[in-house]
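K.L.:
Guided by the hints, dock chain E onto chain S, whose structure is given.
In order, the protein sequences belong to chains S and E.
Going by this note's numbering, the first residue of the first sequence is number 46, and it counts up by one from there.
Going by this note's numbering, the first residue of the second sequence is number 46, and it counts up by one from there.
Don't take every hint at face value.
A pair counts as met if it fits within one copy or between any two copies, since identical chains are not told apart.
What the hints assert, rightly or not - 30 Å max Cα-Cα, derived DSSO-like pairs, lysine-lysine: (1) K50 / K219; (2) K238 / K219; (3) K117 / K145; (4) K138 / K250; (5) K219 / K250; (6) K250 / K50; (7) K50 / K145; (8) K50 / K238; (9) K64 / K219; (10) K117 / K219.
Just so you know, these hints were derived from the structure itself, not from any lab.
Number of protein chains: 2
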Amino acid sequence: MANNKQIIFSKGERETLHKVLAARRDMRHFVSGSSVSADVMDRLFAAAHLAPSVGLMQPWRFIQVQNDQVRKDIAMLVDEEIKATANEIGLRKSEFLKLKLEGVRTCAQLVAVVLAPDDGTILGRRTLPRETALCSAACAIENMWLAARAENIGLGWVSLFDPKKLGALLHCPKEALPIALLCIGPVHEFYEKPMLVQEGWRDEKPLAGMLFEDRWPIEGEVQ
Amino acid sequence: MANNKQIIFSKGERETLHKVLAARRDMRHFVSGSSVSADVMDRLFAAAHLAPSVGLMQPWRFIQVQNDQVRKDIAMLVDEEIKATANEIGLRKSEFLKLKLEGVRTCAQLVAVVLAPDDGTILGRRTLPRETALCSAACAIENMWLAARAENIGLGWVSLFDPKKLGALLHCPKEALPIALLCIGPVHEFYEKPMLVQEGWRDEKPLAGMLFEDRWPIEGEVQ
Numbered sequence: 046m047a048n049n050k051q052i053i054f055s056k057g058e059r060e061t062l063h064k065v066l067a068a069r070r071d072m073r074h075f076v077s078g079s080s081v082s083a084d085v086m087d088r089l090f091a092a093a094h095l096a097p098s099v100g101l102m103q104p105w106r107f108i109q110v111q112n113d114q115v116r117k118d119i120a121m122l123v124d125e126e127i128k129a130t131a132n133e134i135g136l137r138k139s140e141f142l143k144l145k146l147e148g149v150r151t152c153a154q155l156v157a158v159v160l161a162p163d164d165g166t167i168l169g170r171r172t173l174p175r176e177t178a179l180c181s182a183a184c185a186i187e188n189m190w191l192a193a194r195a196e197n198i199g200l201g202w203v204s205l206f207d208p209k210k211l212g213a214l215l216h217c218p219k220e221a222l223p224i225a226l227l228c229i230g231p232v233h234e235f236y237e238k239p240m241l242v243q244e245g246w247r248d249e250k251p252l253a254g255m256l257f258e259d260r261w262p263i264e265g266e267v268q
Numbered sequence: 046m047a048n049n050k051q052i053i054f055s056k057g058e059r060e061t062l063h064k065v066l067a068a069r070r071d072m073r074h075f076v077s078g079s080s081v082s083a084d085v086m087d088r089l090f091a092a093a094h095l096a097p098s099v100g101l102m103q104p105w106r107f108i109q110v111q112n113d114q115v116r117k118d119i120a121m122l123v124d125e126e127i128k129a130t131a132n133e134i135g136l137r138k139s140e141f142l143k144l145k146l147e148g149v150r151t152c153a154q155l156v157a158v159v160l161a162p163d164d165g166t167i168l169g170r171r172t173l174p175r176e177t178a179l180c181s182a183a184c185a186i187e188n189m190w191l192a193a194r195a196e197n198i199g200l201g202w203v204s205l206f207d208p209k210k211l212g213a214l215l216h217c218p219k220e221a222l223p224i225a226l227l228c229i230g231p232v233h234e235f236y237e238k239p240m241l242v243q244e245g246w247r248d249e250k251p252l253a254g255m256l257f258e259d260r261w262p263i264e265g266e267v268q
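Chain S with its partners taken away, still in its complex shape (with noise of 0.2 Å):
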């Protein structure tokens, strides 16, 4: 790459970025029996170990998922999570268990990302250590999907897990937290919206009520 210092993007570049930002979707629809090359695995990894983390911690660590074995019993953890949520549910769970919540069986890879064992950072983590681990991790989780929406490639974020059995089929130290299993592949089609937004699940909110000035507003107030 070109000096940081030299690199000046052009409107035509910001409308790239911006495109891809839109387009990118949680994929839970996947092509079945599809693959994904190593050369665009690389690049999607390479994606997620750019991203910013607190005191430069580095705290992702990816398990890329190559057993048939491990997989199904992946499988069966996300399962039996479903189950778990219907029943917690209440009135929509009918609803709820019509709607497609993972692609684990039949996306091309599968990524379990692990939160490392806290390493002591100290530097911009004092009063919010583990939150700031989370964000970091997460910000290479978004680094990857935006990588894999530009290789036209789907990629879903599953949380429908029990991290403590997720950590110990995939042999993680008690310490070490599994926070994303991310289903990667072809897909027949991205949703035009987010697919619980299609599926009549949930409306999306404006950013207007999201974004205050100066304070939090007091209820009922239009600032």
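P.N.:
Frame of chain S; chain E shown alone:
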């Protein structure tokens, strides 16, 4: 935007995304007395609001600091936390105090990002409720960060503050959690490497040691 189904990114567009990912830096040095236009700020917030969120909860809230006294009060909180960190950091205290850790007073725009009080979303959040909310807000910040670099302006995520004190200062509800102070604005130049690397505080670790197959490695094992 064109129909998402029809958007196929080209190699050139992919390369643009990776260029932005690689050129993004956590900035602490800003051009004082500079400004950022409302148009640019609109594009940054729009980028943030395109982020994914677990169960479509969209937990991010942005408080744009326009009042000088509010900014001064925030700067004092950050100073306080830097002192508290210095006292905990032990042997490297004097080296730590030489680092430039925030640009709160000099950046053109200061934005606090606050995690909204939990809205009770269950989908995808039964086992990791707090973590999934945090990760969603972090993805929004990463989007904003990339958008800022593409505008050729800097962004620095400052996490050196006591969240309770900052929440009180910004009149946030008790259940809300400030997670970031974003310093945004023109910079003299972008750091070539992460500032903590440039200053000799810490080295980056390579991706190779963070990418595993099927399970967490046994200590000392090379996969």
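K.L.:
All hints, please: hold or fail.
P.N.:
Structure-based check of all given hints:
1. K50 / K219: neither (42 Å within a copy, 42 Å between copies)
2. K238 / K219: Neither: 38 Å inside a copy, 33 Å across copies.
3. K117 / K145: within (18 Å within a copy, 49 Å between copies)
4. K138 / K250: within (23 Å within a copy, 45 Å between copies)
5. K219 / K250: Intra 38 Å, inter 22 Å, cutoff 30 Å: inter-copy only.
6. K250 / K50: between (38 Å within a copy, 23 Å between copies)
7. K50 / K145: Classified as between: cross-chain Cα gap 19 Å, same-chain 45 Å, threshold 30 Å.
8. K50 / K238: between (37 Å within a copy, 10 Å between copies)
9. K64 / K219: neither (40 Å within a copy, 37 Å between copies)
10. K117 / K219: Within one copy, since 22 Å is at most 30 Å while 42 Å is not.
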